[in-house]
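Protein chains in written order, with numbering that gives the first Met the number 0: chain R, 0 to 421; chain L, 0 to 421.
No lab work stands behind these hints, which were simulated from the structure alone. Hints are supplied without guarantee of correctness; some may be wrong.
The list treats identical chains as interchangeable, and a pair is accepted whether it falls inside one copy or across any two copies.
As the list claims (entries may be wrong) - Capping the alpha-carbon separation at 27 Å, the derived lysine-lysine pairs in DSS-like fashion look like this:
#, residue 1, residue 2
1, K361, K289
2, K335, K115
3, K335, K30
4, K26, K335
5, K230, K23
6, K361, K115
7, K104, K361
8, K104, K115
9, K26, K173
10, K115, K100
11, K361, K173
12, K353, K26
13, K115, K230
14, K353, K30
15, K100, K361
16, K230, K361
2 protein chains.
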Amino acid sequence: MEQNPDLHRMIQEMGERAQQAARKMVKLTSKRKNEILLSMAAELELRRDEILAANRKDLELAKAAGLSPAMVDRLTLTDRRFEAMAEGVRAVAALPDPVGKRIGKTVRPNGLVIEKRRVPIGVIAIIYESRPNVTADASVLCLKTSNAVIMRGGKEAFHSNHAIAAALQSGGEKAGLPAGALQLVATTDRDAVRELVQMDDRVDLAIPRGGESLIRAVMQYARVPVLKHYKGVCHIYVDSSADQAQAIKIIDNAKCQRPGTCNALETLLVDAQIANEFLPALGRWAKSAKVELRGCSKTVAAIPGCAAATAADWEKEYLALVLSVKVVNGVGAAIKHINRYGSHHSDSILTSDKRNANRFLKEVDSAAVYVNASTRFTDGGEFGMGAEMGISTDKIHARGPMGLEELTTYKYLVTGNGQIRQ
Amino acid sequence: MEQNPDLHRMIQEMGERAQQAARKMVKLTSKRKNEILLSMAAELELRRDEILAANRKDLELAKAAGLSPAMVDRLTLTDRRFEAMAEGVRAVAALPDPVGKRIGKTVRPNGLVIEKRRVPIGVIAIIYESRPNVTADASVLCLKTSNAVIMRGGKEAFHSNHAIAAALQSGGEKAGLPAGALQLVATTDRDAVRELVQMDDRVDLAIPRGGESLIRAVMQYARVPVLKHYKGVCHIYVDSSADQAQAIKIIDNAKCQRPGTCNALETLLVDAQIANEFLPALGRWAKSAKVELRGCSKTVAAIPGCAAATAADWEKEYLALVLSVKVVNGVGAAIKHINRYGSHHSDSILTSDKRNANRFLKEVDSAAVYVNASTRFTDGGEFGMGAEMGISTDKIHARGPMGLEELTTYKYLVTGNGQIRQ
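Produce the entire structure from the sequences given, and follow the hints as far as they go.
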């Protein structure tokens with residue numbers, strides 16, 4: 000891989016500044032950090048016109064470049080979105096600070112007192128796509144947990160991101176944020192991402208937020224630890240003992256309430272014992288809800304007009320009003336299908352049989368496993384975390400919605416009075 | 000990177016078998032897992048002669064190949080080491096099982112009950128060097144926590160490792176261990192390590208155990224998450240308020256009790272305020288303890304015959320009776336030195352000043368930070384974990400000694416009665 004020496008030096012220097020800032024961040028009290036966040040929110044509002052003008056510049060360039068309406072929508076800072084962004088910063092200030100929290104204590108027979116306490120991770124790199132509000136949302140979660148943050152946003156949002164980051168930096172530094180604690184990569188060169196995620200002596204964690212191709216690009220080069228999720232292929236399994244009317248309501252919610260999200264339903268599994276009864280009802284719902292079904296052979300036979308699913312459909316994240324449907328022989332077959340084709344995100348069983356529920360909870364290898372509820376609840380807010388950095392389908396460090404605690408690590412504080420090892 | 004298709008297929012198939020075994024492992028009760036471990040210990044003892052004969056074969060090859068006496072010693076299974084290995088398996092059976100443990104519970108306003116429980120990670124790859132007992136020690140920790148394990152040992156211990164793994168497999172399967180749950184890579188081809196740590200759809204975590212060059216080889220290729228430590232450059236800082244007689248005893252313990260370990264002392268920092276008084280006493284201790292000192296200019300001036308440290312010495316893990324010594328201006332300078340040159344492993348302050356102690360605990364960015372104690376205590380056994388998989392100087396997932404809990408992840412179990420998202 001060829002390397003651009005100027006880019007390399009620039010990213011290395013950003014890492015060095017972030018690391019120095021991180022060393023200072025550990026000294027900030029919760030009170031001071033909250034003052035910093037409130038000052039950031041105030042500065043955002045102060046610079047509202049400037050930020051919205053930068054956003055209009057990005058939007059003009061996006062339209063000229065022929066970006067899709069969906070992309071343009073994601074890029075747009077409406078008044079409501081701007082206010083939500085500033086409010087979001089204040090909401091994070093109001094959350095409890097996990098840093099310093101004691102999560103364990105032992106007194107050893109030799110008198111050593113061993114405490115385990117939450118501490119910041121250090122330097123976190125956030126790599127994201129076109130939503131400019133992520134610049135504020137993600138960075139303040141890092142700062143609240145005393146981490147320094149290096150951000151790299153999508154090139155479409157370049158001007159918006161810079162205006163937002165400049166406001167956050169200026170507002171923060173007025174209230175005592177160390178210089179270098181919040182940095183935005185000032186180039187749209189794609190190689191900057193590679194430089195960032197290979198800097199393992201200065202970056203402690205990378206969190207890519209975006210579509211599967213962004214995540215794969217990060218994973219191709221990463222030498223630093225990464226928390227991520229590739230996609231959400233979420234399942235609902237309708238057991239023979241399920242309340243079928245309730246099942247339709249839950250399926251409708253999981254598929255239709257916001258189909259473009261990672262916790263939306265993509266594949267429905269139906270117990271063979273109730274297929275003849277349930278599938279026609281499902282077909283009527285799909286018709287009225289305008290959901291396109293893609294079924295296994297039994298589903299196709301039971302629902303007039305249902306298309307046949309291809310092999311690829313079972314692994315597909317549609318993010319649209321399309322649903323794969325498969326008839327399976329009981330909970331064991333459902334679990335097997337989910338563990339094989341799923342994405343370890345969120346999966347639900349609808350049942351009134353406690354044994355089947357417990358088996359599903361135990362054997363499905365996903366971040367969130369549900370009984371009799373919509374998969375749409377996998378979300379930091381819905382889980383009561385107050386804020387969310389994203390969702391992890393990894394198993395290491397953080398799994399499922401990532402809140403403030405997931406942005407910390409721990410250390411052991413050992414206090415003695417002269418102990419030596421025998 | 001050129002790829003050997005046969006090797007690739009072999010490792011992929013091992014991964015597939017491990018993943019299938021892992022799915023079965025989640026169904027094992029604690030009682031059953033302990034029976035499996037006890038059956039493994041019994042089988043080890045049953046095959047004692049066979050295993051020791053395999054070890055003699057490795058030792059002959061090692062001597063013929065001219066391996067160093069230290070290498071040969073690490074490779075040797077003495078009677079005592081063999082017994083300790085079998086006893087170690089029984090000791091792990093006796094430990095409490097972290098799997099299934101509830102680590103959080105919330106009832107949401109909508110009635111959803113959200114539980115957070117410890118679950119196995121899945122498939123763990125262990126990559127290690129010449130000590131054959133690691134084959135038993137490391138694999139049983141993985142199995143105790145319901146993980147499937149793929150091991151890859153050093154080529155010098157090939158026959159020993161195979162004999163041990165065969166005994167563990169056979170003993171385990173007699174008591175219900177799923178086939179594929181414990182596998183040893185059956186080739187000394189170095190590329191097997193690369194294949195193993197790049198198999199990110201089948202391996203959930205890799206733990207390399209060994210010297211810095213092994214860890215760097217793993218990190219060069221790893222696409223799966225890795226828990227590791229490169230080295231232990233541990234510090235003691237003697238504050239002006241320290242009990243100086245006690246300080247010498249702690250330094251002696253941290254440097255000399257077992258100098259080849261990662262938690263042994265490598266660099267001593269001395270507060271300038273007491274340098275003139277403390278350094279001569281240190282020089283006398285070093286002479287009697289046969290410790291070679293490498294000092295900064297002030298240390299060299301104060302201790303007759305002390306060699307001058309080079310720039311490289313401040314980052315050196317000697318693993319021998321050598322100690323770097325530097326005079327610093329107070330606790331702030333000590334913290335700065337440790338965070339810059341240290342390895343984030345274990346560092347200690349000797350002081351009677353509470354403020355300096357607290358500052359050191361807060362600002363030193365290491366897995367274990369001590370007040371008035373030897374750094375040698377950073378160890379799973381000494382921390383009360385019962386067993387240890389190694390020590391992590393990473394910040395993600397596990398930091399410091401890794402016991403059974405660190406070999407688990409968690410999932411969210413969400414129980415409802417028809418909840419849908421509004």
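Cross-check of the supplied hints:
1. In this assembly of identical chains, K361 and K289 lie within 27 Å of each other by CA distance neither inside one copy nor across copies; the values are 34 Å within and 58 Å between.
2. In this homomeric assembly, K335 and K115 come within 27 Å of each other (Cα to Cα) only across copies, at 23 Å, whereas the closest approach inside a single copy is 39 Å.
3. Proximity of K335 to K30 under the C-alpha cut-off of 27 Å is restricted to the inter-copy arrangement: shortest distance 25 Å between copies versus 49 Å within a copy.
4. With identical chains, the CA atoms of K26 and K335 are at most 27 Å apart between copies only, with a shortest distance of 14 Å across copies and 49 Å within one.
5. Proximity of K230 to K23 under the C-alpha cut-off of 27 Å is restricted to the inter-copy arrangement: shortest distance 25 Å between copies versus 36 Å within a copy.
6. Taking the closest pair of Cα atoms, K361 and K115 come within 27 Å of each other only across two copies (12 Å); inside a single copy the shortest separation is 29 Å, beyond that limit.
7. For the homomeric pair K104 and K361, the shortest alpha-carbon distance between copies (16 Å) is at most 27 Å, but the shortest distance inside one copy (30 Å) is not.
8. Taking identical chains as interchangeable, the C-alpha atoms of K104 and K115 lie at most 27 Å apart whether they share a chain (6 Å) or sit on different chains (21 Å).
9. For a Cα distance limit of 27 Å, the shortest separation of K26 from K173 inside one copy, 17 Å, qualifies, whereas the shortest one across copies, 56 Å, does not.
10. Proximity of K115 to K100 under the C-alpha cut-off of 27 Å is found in both arrangements, the shortest distances being 9 Å within a copy and 19 Å between copies.
11. In this assembly of identical chains, K361 and K173 lie within 27 Å of each other by CA distance solely across copies; the values are 25 Å between and 50 Å within a copy.
12. Within a single copy, K353 and K26 get their C-alpha atoms only as close as 50 Å, which misses the 27 Å cut-off; across copies the closest is 16 Å, which meets it.
13. For a Cα distance limit of 27 Å, the shortest separation of K115 from K230 across copies, 22 Å, qualifies, whereas the shortest one inside one copy, 34 Å, does not.
14. In this assembly of identical chains, the alpha carbons of K353 and K30 lie at most 27 Å apart only when taken from different copies (23 Å versus 47 Å within one copy).
15. Proximity of K100 and K361 under a CA criterion of 27 Å is satisfied inter-copy only: 12 Å between copies versus 30 Å inside one chain copy.
16. With identical chains, the CA atoms of K230 and K361 are at most 27 Å apart within one copy only, with a shortest distance of 22 Å there and 38 Å across copies.
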